Amino acid sequence: MFYRESGDFSTTYPQDSQTFPIRFDRYRYYVVLAVAFLVIPFIINDYWANAVFVPFLIYAIAAIGLNILTGYCGQVSLGTGAFMAVGAYSCYKLMTAFPDVSIVIHVLLSGGITAAVVTLFGLPSLRIKGFYLAVATLAAQFFLVWLFNKVGWFYNYSASGQISAPERSVLGIIVTGPNTEAWAKYLICLVFVTLCAIIARNLTRGSVGRRWMAIRDMDIAAEIIGVNPMGAKLTAFMVSGFFVGIAGALFFSVYLGAAEVGESFGIDKSFLVLFMIIIGGLGSIFGSFAGAAFMVLLPVFLKNVFVGGLGWPTDLAAHLQFIVSGGLIIMFLIMEPHGLAQLWRLAKEKLRLWPFPH
Amino acid sequence: MRLLTMATAAVMAASPVMADLVFPSLSYRTGPYAANGIPFADGYEDYFTLLNERDGGIGGVAVKVIECETGYNTEKGVECYEATKGEGALVYQPLSTGITYQLIPKATADGIPVHSMGYGRTSAKNGAVFSNIFNYPANYWDGASHAVNHILDENGGDISGKKIALVYHNSAYGKEPIRTLSELSGKHGFELMEVAVDHPGQEQKSQWLQIRQQRPDYVLMWGWGVMNQVAIQEAANIRFPMDKFIGIWWSGSENDVLPAGDGANGYKALTFHNLGKDYPLFDDLQQYVVDAGKAAGAGDQIGTALYNRGMYAAMLAAEAAKTAQAIHGTADITPAMMRDGMEALEITEAKMSELGLPGFGPEFTVSCENHGGNGLGAVAQWDAAAGEWNLITGYEASDQDVIGALVDEDSAAFAAENSITPSCS
Amino acid sequence: MPDQFLFAMEVILNGLMAGVLYALVALGFVLIYKASGIFNYAQGVMALFAALTLVGIMEGQVPFSHLINAIFGTDIHHFGWHVPALLAIAMTMVVMVGLAWAVQKFIFRHLVNQEPILLFMATIGLAFVMEGIGDIMWGAEIKKLDIGLPQGINDWIDVTTFEAFGYGFFIDNLDISATIVAVILVGVLIAFSQYTKQGRALRAVADDHQAALSVGISLNFIWILVWSIAGFVALVAGIMWGAKSGVQFSLSLIALKALPVLMLGGFTSIPGAIVGGLIIGVGEKLFEFLIGPMVGGATENWFAYVLALIFLVFRPQGLFGEKIIERV
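Chains A, B and C, in that order, are what the protein sequence lines are. Just so you know, the working numbering puts the end of the first sequence at 358, numbered straight through with nothing missing. Just so you know, the working numbering puts the end of the second sequence at 425, numbered straight through with nothing missing. Just so you know, the working numbering puts the end of the third sequence at 328, numbered straight through with nothing missing.
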């Protein structure tokens, strides 16, 4: 009843090919945007911003990036953590070298630098496939982490090798550094997320996205029908790198404020983002958001239930948290291998007919 | 909505007029470093439990310890900080290097003091720049100097031409002593050999072969987690003389030496507090906490190096709170008052004896210019047969000529990067 | 002979020994991948779990004591007995077989015919679960594992080489035992797969699932069998690594040491795992020895991967992997 196509007539081609051709979808999208931009900033506090919303939004960008590579183009990457580090360290170097330039430009440039680095590490994908490629991306993971740790130039030769974000503002509002208001952190991330999601959505709907998917489904077949595998794979690496780089830059500058490469951008991060897109759904922008929300909220939720609600010792709760999240992941994979996005699709199918299914 | 208001009102009514003194404990009882996190967290909590049970808190106000599990993970640490700071947290012990660096700007902005005892950012010693960060009684650069001083003592004050190897965890933490050691090597004329071990340090064969081939006279270690156990085992394997192998305080717990068994006998580690449980305070601890069934852990950790360190941290926090109460004339202190108390903290032998911990730690005073105490430290040696650490030196001073300059330089760089004007008002 | 050359020889020898230890971990991966197409990330955690269980049984620890104490307010820790090493190993094996059965029954039976990446993810989920259970069951402190293997420098080699070259080589006794155990283990595995009925069935399944099914081989049984064998390999790896560092959480990270070995040797080849292990072991140690000091050391982690990557560019299926045939 709520979700229906009947009565939705397209009279022009642009109307037909818009992002959300169905009216209900469109309105839902506007409502979500309105709540995100106009309601949440006024009620958000430090805890919700730092523990939930900011990490969620940033991981959503990283997940979109990885989803383009893995979900749309079929190239499994385990180097996301290190690629985020590239974004973070570029952002740090740019912020300290050009303090007068806007942080927004720095973040975008960091995305660009990361895109270049990721494309470089994507070159072996032309020859190596499947799990071999996944493990090969681990070479990038370990090498980059080592490099950022060893070369003093990357952390401006500080005694400890930590990088910390100086205070920067956008339009007079402080967005990095310790004096940032919760809503400012949230809004800057939200703006980037919205832009990234719109770009990603449109890229994947267009000819580039179709090429990626052709490569994913079977690269030899795609080559035969005229898709250039090198071009398609490398653009996927590049676009993915751009998003992951932005995520890394925001992760460091807005969310953490200080970071050390081995601790913040280790291999755990690579797995975490991979989890997000698998739980959320491969090859779906919505899935990237859903997966990021799931993986960010789950530990916070479990912790608050076990420790806050039931009053268990923190260590026991943490162990159980491991078991429960591992178990939930397995359960998800068994019950819905296509992720939360598939659940959403099924729900939409149901809603179309509801309440009169035949 | 009405329900929510009622609930809020009920909570407001239920809470006592005088709030508790809140000491959050960001512990890590899980994850790769759990074995080290458990005794520290137990010691920290047990001391406050003792104060509550025996003295009714600090200055008559009950102490509340809120434990939050970080798993040594920076992001979880951030979540813990945000979750606990609203409860009126007086001082944070972040425990991991990553979380410490996180909290340095955040806690300063929120006006909550941070005590990174023997870890974190060394140049936080300069209180003019790091107004809310304290790292008394000693820091890594002091530690590097203590180790070199100990070697100097053993060699009659002349170590020119000797070779000293530094085996370090390849991270921010492990790299801390390098600058100090290279300064000191210029001053005393020894040769410094740097041997990096990548995280986690499960496999160190090539590093120890290198040491075996190059034959350094001494080996210093800045290790953490599994790296410590493997390094001590490998050193025993190549028959490196254990009494010439000196670890920093984070490489000097029972966990690190026990797996190597007798091979670890004679291994030395630096420390800034005493070890064992031959102190009157431990009797009280047994009576009021352990026998009363209120111990934080299983009770089997009492007297271990890291348990004592956690307890020492709690003791310093409690003393700072007492100082703050005295300065401001109120028992119900705020984080800002706590900061003042920490900055005016003075630990004397008389004070420690009164607490039942005679000679437990070095004497030191804190001031605005000096948030790091006097930098005294001692050397402990492992006795494998008895299974205990013994202090083999007194608390001795570090080379402040070298360290002071480095602290000024690094804190000035931080101040410039973050546009802070150093001031002591 | 110049010192540098002797040092290099020593490094190479030790690299070979380290390679054997890597190969031990990699073997477990290969067995499971070959039989069921699952890339089992949990292999490292299995080694940790097996070693924890072994120590727990040997020391007579009460499983889940922490949980029991927290719920019932009791104070139990130990049964008060000590189990001899061999018996404890046998008992641990029973636990690992039980684990294999549970993994098959509750997880992978429901995931038959799914995409490889999903299976891989499921094993990561499994790794989480096992980490949690292992810690709750046996506690998070570091445990000393001592089943009587000699450790430390081998004097005979030291003295002999000193007399011959004027420089005594360092070889760890533990590495020598590990090599012997590994050789025996591989021998037993080969004998098992060549000469027993179950072994032949295993190879049939590895060759072609459906054909094996159609001649009446129970896939379910074979998969439990192969997970049990992998559990046994994990136990051996856990003992060898655990003897060095004590049994603790970080033991699970040895999986990361095995991945480059797998890439290099091919996911499907047992000889590949061994040769790959040796190449990686020697390669990374030699690189750390020769180039490491110039770039600041601690190169081993990434160099292993880069080395494997270079090999892969020339042979995308690994050294001994089956040739990848692609059809449209």
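Possibly wrong hints are sitting among the right ones.
Stated by the list, open to error - SDA-like, lysine to any residue: derived pairs with alpha carbons at most 20 Å apart:
1) Lys-150/A to Lys-34/C
2) Lys-34/C to Phe-131/A
3) Lys-162/B to Asn-149/B
4) Lys-129/A to Glu-115/C
To be verified - One side of the interface only, derived from the structure: several residues of chain A facing chain C at Cβ under 8 Å:
5) Phe-56
6) Arg-127
7) Val-135
8) Phe-143
9) Ile-323
10) Ile-334
I should point out that these hints are in silico values taken from the structure, not numbers from a laboratory. Keep in mind the model is a prediction, meaning the values are calculated, not measured. Glycine residues also receive a C-beta, built at the ideal position from the N, C-alpha and C atoms.
Next item on the list: Take a quick look at whether Lys-162/B and Asn-149/B sit within 20 Å of each other, Cα to Cα.
Entry: 14 Å, holds
Check: Between Lys-150/A and Lys-34/C, is the straight-line Cα distance small enough, at 20 Å or below?
Finding: Roughly 39 Å separates the two Cα atoms, so the pair is violated.
Margin query: Please check whether Phe-56/A passes as an interface residue: C-beta within 8 Å of a C-beta belonging to chain C.
Written below: Given a least distance of 20 Å, the restraint on Phe-56/A is violated.
Item checked: Interface hint for Ile-334/A, Cβ within 8 Å of any Cβ on chain C -> OK, holds: Ile-334/A within 8 Å of chain C, min 4 Å.
Notebook entry, point to check: Taking the least C-beta to C-beta distance, is Ile-323/A closer than 8 Å to chain C?
Noted result: Hint on Ile-323/A: holds, closest Cβ of chain C at ~4 Å, below 8 Å.
Margin query: Is the interface hint satisfied for Phe-143/A? The criterion is a beta-carbon contact with chain C at less than 8 Å.
Written below: 4 Å, holds
Margin query: For the restraint on Val-135/A, tell me whether the closest CB of chain C is nearer than 8 Å.
Written below: 5 Å, holds
Notebook entry, point to check: Straight-line Cα separation of Lys-34/C and Phe-131/A no greater than 20 Å?
Noted result: This hinted pair holds, its Cα atoms lying about 14 Å apart.
Note to self: Lys-129/A and Glu-115/C were given as a pair; does the straight-line alpha-carbon distance stay at or below 20 Å?
What the structure shows: Distance ~15 Å between Lys-129/A and Glu-115/C Cα, so the pair holds.
Margin query: Quick check on Arg-127/A please, does its C-beta sit within 8 Å of some C-beta on chain C?
Written below: Holds. Min distance 5 Å.
In this structure, the earlier hints numbered 1 and 5 are contradicted, and the remaining ones agree with it.
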